[in-house]
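Asker: Letter by letter, the chains look like this.
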Amino acid sequence: MRTLFNNSKPITLVVLFNIMAFGLLFFRNQNVEIIYYGLTVIGIICFVYFFLQWRQWGDVYLFIIVTMLISIGLIMIFRLDEDLGIRQVMLFSGGMVLFLLSYLIFNSLKFWHKLTYFYIGSSLLLFIITLAFGRTIGGATNWISFYGISIQPSEFIKIIFIFFLASYYNTPDKLKIPPIKISDKTIEIKNNIILTIVAYGYMGFLVLQREWGGALLMFLIHITLLFVFEEDIKVILMNIAFAIVGALGGALFVYHIKVRIDVWIDPWADIAGKGYQITQSMFAIGSGGFFGRGLGLGSPKYIPEVETDFIFSAICEEFGIFGGVAIILLYFILVYRGFKIALSVENTFYKAIALGITAMFGFQTFIIIGGVIKLIPLTGITLPFISYGGSSLTTNFIALAILQAISKDAYSGMGGKYE
Amino acid sequence: MYELIATIFKYIFTLIIYVFIFSIIRMIYLDIRSMKGYSKKGIEAYPYLKLINRREKFDFKLFESYILDEDKSIGRSNRNEISIQDPYLSSEHVRIYIEEDICLIKDLGSTNGTFLNDEQIEEESVVLNDGDRIHIGQLDFIFVSKDEEE
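Respectively, the protein sequence lines represent chains A and B.
Under the UniProt record's numbering, residues 1 to 419 are what the first sequence spells out, in order.
Under the UniProt record's numbering, residues 1 to 150 are what the second sequence spells out, in order.
Bear in mind the hints are in silico, worked out from the structure with no lab data behind them.
Some hints here could point you the wrong way.
Cut-off 30 Å, straight-line C-alpha distance, at most; resulting in silico cross-link-like pairs (DSS-like, lysine-lysine) [as the list claims (entries may be wrong)]: (1) A:K114 x B:K57; (2) A:K174 x A:K374; (3) B:K57 x B:K72; (4) A:K174 x A:K185; (5) A:K301 x A:K258; (6) A:K110 x A:K176; (7) A:K234 x A:K181; (8) A:K174 x A:K234; (9) B:K57 x A:K110; (10) A:K374 x A:K301; (11) A:K408 x B:K57; (12) A:K114 x A:K181; (13) A:K234 x A:K185; (14) B:K50 x B:K72; (15) B:K50 x A:K408; (16) A:K234 x A:K190; (17) A:K110 x A:K174; (18) B:K72 x A:K408; (19) A:K176 x A:K190; (20) B:K61 x A:K174; (21) B:K61 x A:K114; (22) B:K50 x B:K61; (23) A:K176 x A:K234; (24) A:K301 x A:K114; (25) A:K9 x B:K72; (26) A:K110 x B:K61; (27) A:K408 x A:K9; (28) A:K374 x A:K274; (29) B:K57 x A:K176; (30) A:K190 x A:K114; (31) A:K114 x A:K176; (32) B:K61 x A:K408; (33) B:K61 x B:K72; (34) A:K174 x B:K57; (35) B:K50 x B:K106.
Looking at chain B on its own, in the form it has when it is part of the complex (with noise of 0.2 Å):
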């Protein structure tokens, strides 16, 4: 009776490691996509921040470009969907956020402010166009958005 099941079990079990091993292989993939912004949409279909600054300057982790395909916001916090640890960044310093195809910023009450080709932003949104550039903390960005781009 034992020798039936254990010989039974033997494949299930061959089974499951392998559907493990596969269902890592498949989350790490999908991490990997995610984390590069390669999607396949991804940079032709969506407006998205260019960093100018040079990333070796600075001892905390940047991204090249941060892809805008929903509403965003920057800080230093983990809550933001971009998070960045810039010591001259508040936790919560702006939002980025698309509303009828069109692109706004707005500042989330930073201490150190954002600026908008080197004017001082406000409390209240403010439309992107495309070459605009956006200051926060040590950071200089330049908003790209996909209509220029085509």
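Next comes chain A alone, as it looks inside the complex (with noise of 0.2 Å):
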């Protein structure tokens, strides 16, 4: 026993699990395709892992703990929807090859920290988009699509908010305007008053999408970038008391939120209707026990959404509580590592880039799986790696890539500020 545990290579334990649980798959639904595609991520799998490790790209724990998450939600949307579980596995060769693509461009390219502008445009347009053309999918008019592609531009809207914040916190000066006359008094509007209205600007937009977790998210980052980073204690009190404002005012005027407080509050009164879906995932984690009740044997099919927002619960069905916390401690050395590189480069807009990032991964995680064990009010947002959708595996492959550029940085030696 202790060798295994001395000698045991990660990679090898990802490759073993794949291995098993495809095999397992197969034996129940009879479909040779499936050992096709378990072979297909294995194969992307290890060839990204030892291309990490020949071409020394960083730090590599980071990509093996998101092949671990990874292969617990592809083998369960396998298991929940074949065709599904296809199109994720699609999605996952896609996500890879973008993952190296953003690689080679964040590192090749220098000038990242200098788009200040660019990036509140082209949220803003991104956003305009949506607005006018969006379609509504479950409350949230959060979908554009063109010839048959569907994406969610908040998703990629999030990464670029943070390239936004970062660039802001390495030039503050940047985003100064020049002091406005009126008659005969001059008004000094200071750079960290505009930082937080054009980041509440961002947080409106979501909430005019109807995408209430979006907007926290968004919330908890800028609030931890401007926690670390601003020096003036006024502007995050006046922040913490916009927010608690807000929050107020959504609870007690905006029905949509109301509705959510009210079903997390009591599920039971409720449980035919607006309770269902999270009283659903409540018996689906009860029913689980310690070890689950195994792949393939539970009856997650109940909940509704359960591929996407919903996932960890049919994972503590089917692994059970040990799974369930399993996946938070994958979660939390992933956000341990993340901060060990923010912490250990010197440069002012990767380090503020890498904390965000690290904080999008957390507090993501967080919210979802708070929701789903009625921990907190429920929004829809998706579980990073794990929950099935396109948009959202694509920027957190594209974010993870930024994230390990960062790291090679960090190791490497590659720091001062740029001016």
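Using the supplied hints, reconstruct the complex from the two chains, each of which is provided in its own coordinate frame.
Answerer: As structure tokens, this is what we get:
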């Protein structure tokens, strides 16, 4: 047992896990294609892992932790719905290509910190496109589709938002507007006030799209970076005060938020209607017990949207509480790794991006897992790397590639602040 | 039949995931230990180079001290045991090695030269004594040997 612990390389365990799980699914569905898809997944994981090690592309732990998460996610989606599983494997392959490409692009271009206004402009454009041409799915107007491909621009805006914040903290004076002269008085607006206005503008657009989870996530990222980089405590307090007013206003006057809070407090009152989803989720988690019912033996199909937002409940049902805790632990290590990269890199821009991306992974996990286990009111958001969904998966892989690129800098030593 | 296998497999899955987490944490732990050079023997047992300059002055990664537990070469290239991205260093600048408990320094044909106590050294080995000042590129180090330390 001791030699097993000491000699097992993490990549071997990921491969072993995949072989066993895909083999089990093949035995269950009696469909040879599953074996092919399983081998594709294993092949891609091994190829990218050894490629990263060979080229010394930064921190390998980040990628290896994510491969475990993605394996669990793929297997769960395959078990829930084979067609979606096949699509997710395709998306995963595409995401891996995108991962390597974004690594190269992010690393080869050195002017990311100068594009502050470009970030604001491009996200504004995406928001307007979404509001004008967006389709409404599940209560939120956040999908645009062209030529049969639906994407969710708000996912990509998250990364642009992080880039915007980082470029601001690198050179805060850039966002300064010239003093306004009204008759004899000159009003000077501080740049951190402008930052606050822009950040809340982002959240405002998300609220207009009724994407509460996204708005909450952006607020948490914003407040984290503000807390770390802003020296003026008044601005931090002002931001928190804004948020409290906004949250109270939303909870009292916005119907959608009120419903969610009511369901959170007492889902049993309307178990057949509004509380159905969350109660089914809790039944699923409860029926799993410690070790789960076994892959393919549970009945997670009763939960609506189990492939995307509620996949954690399905994992808890079939892999048990231990499986669920393991998922949370994996996110813990991922976030720890991200923080370590943010601490060891010396360039302010890269530091802020690494911290922002890490905060994004961490808070996103907290919001959705907290939501499905009824710890906090439920907001629809995807579980990073595990949930089904193209936009979410590709966004997360782009974010991971950026973190990976920064980790290379952190270790080879390319610090300093860009001017 | 499927149920039986799935039931057995669920325990194996849990075991695999936890062994995976454990091995990652263990690797991270080893990684931290080797990166910081805080191993138990670490600073007391081996001679080391101490940086005199303030690290904030430079825009590349530097550590406060570099442990000389084995043959080590310094330079810009990643092939060196100690890689420092100082533009004034050559890709393979200087080598410090231990022979019969004596530390020796040798220039590897660097462009800007290596200075030991303000005197440029040639491409032949020179014995290092405790408190010697080594100047390479833009950096100044003090050599601290273990014996004097105790």
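Asker: Please go over all the hints and tell whether each is borne out by the structure.
Answerer: Hint check results:
1. A:K114 x B:K57: holds, 24 Å
2. A:K174 x A:K374: violated, 43 Å
3. B:K57 x B:K72: Distance of about 25 Å is within 30 Å: holds.
4. A:K174 x A:K185: At roughly 24 Å apart (the allowed maximum being 30 Å), K185 (chain A) and K174 (chain A) satisfy the hint.
5. A:K301 x A:K258: With a Cα-Cα distance of about 27 Å, the restraint between K301 (chain A) and K258 (chain A) holds, given a limit of 30 Å.
6. A:K110 x A:K176: Measuring from Cα to Cα gives roughly 23 Å; hence the hint holds.
7. A:K234 x A:K181: At roughly 25 Å apart (the allowed maximum being 30 Å), K181 (chain A) and K234 (chain A) satisfy the hint.
8. A:K174 x A:K234: It holds: about 21 Å lies between the C-alpha atoms, which stays within 30 Å.
9. B:K57 x A:K110: holds, 22 Å
10. A:K374 x A:K301: holds, 19 Å
11. A:K408 x B:K57: Holds. K408 (chain A) to K57 (chain B) sits at ~22 Å (cutoff 30 Å).
12. A:K114 x A:K181: Distance ~28 Å between K114 (chain A) and K181 (chain A) Cα, so the pair holds.
13. A:K234 x A:K185: Holds, because 24 Å separates the two Cα atoms, which is no more than 30 Å.
14. B:K50 x B:K72: With a Cα-Cα distance of about 15 Å, the restraint between K50 (chain B) and K72 (chain B) holds, given a limit of 30 Å.
15. B:K50 x A:K408: holds, 25 Å
16. A:K234 x A:K190: Since the Cα atoms of K234 (chain A) and K190 (chain A) sit roughly 12 Å apart, the hinted pair holds (cutoff 30 Å).
17. A:K110 x A:K174: Judged against 30 Å, a Cα distance of about 18 Å means the pair holds.
18. B:K72 x A:K408: With a Cα-Cα distance of about 22 Å, the restraint between K72 (chain B) and K408 (chain A) holds, given a limit of 30 Å.
19. A:K176 x A:K190: Holds - the C-alpha atoms of K190 (chain A) and K176 (chain A) are around 7 Å apart, at most 30 Å.
20. B:K61 x A:K174: Holds - the C-alpha atoms of K174 (chain A) and K61 (chain B) are around 27 Å apart, at most 30 Å.
21. B:K61 x A:K114: Roughly 23 Å separates the two Cα atoms, so the pair holds.
22. B:K50 x B:K61: holds, 15 Å
23. A:K176 x A:K234: Answer holds: K176 (chain A) to K234 (chain A) is near 18 Å, not above 30 Å.
24. A:K301 x A:K114: violated, 48 Å
25. A:K9 x B:K72: holds, 28 Å
26. A:K110 x B:K61: holds, 18 Å
27. A:K408 x A:K9: Roughly 22 Å between the alpha carbons, so the hint for K408 (chain A) and K9 (chain A) holds.
28. A:K374 x A:K274: holds, 14 Å
29. B:K57 x A:K176: Holds, at about 28 Å.
30. A:K190 x A:K114: holds, 20 Å
31. A:K114 x A:K176: The hint holds at about 14 Å.
32. B:K61 x A:K408: holds, 12 Å
33. B:K61 x B:K72: Holds - the C-alpha atoms of K72 (chain B) and K61 (chain B) are around 18 Å apart, at most 30 Å.
34. A:K174 x B:K57: Since the Cα atoms of K174 (chain A) and K57 (chain B) sit roughly 25 Å apart, the hinted pair holds (cutoff 30 Å).
35. B:K50 x B:K106: holds, 18 Å
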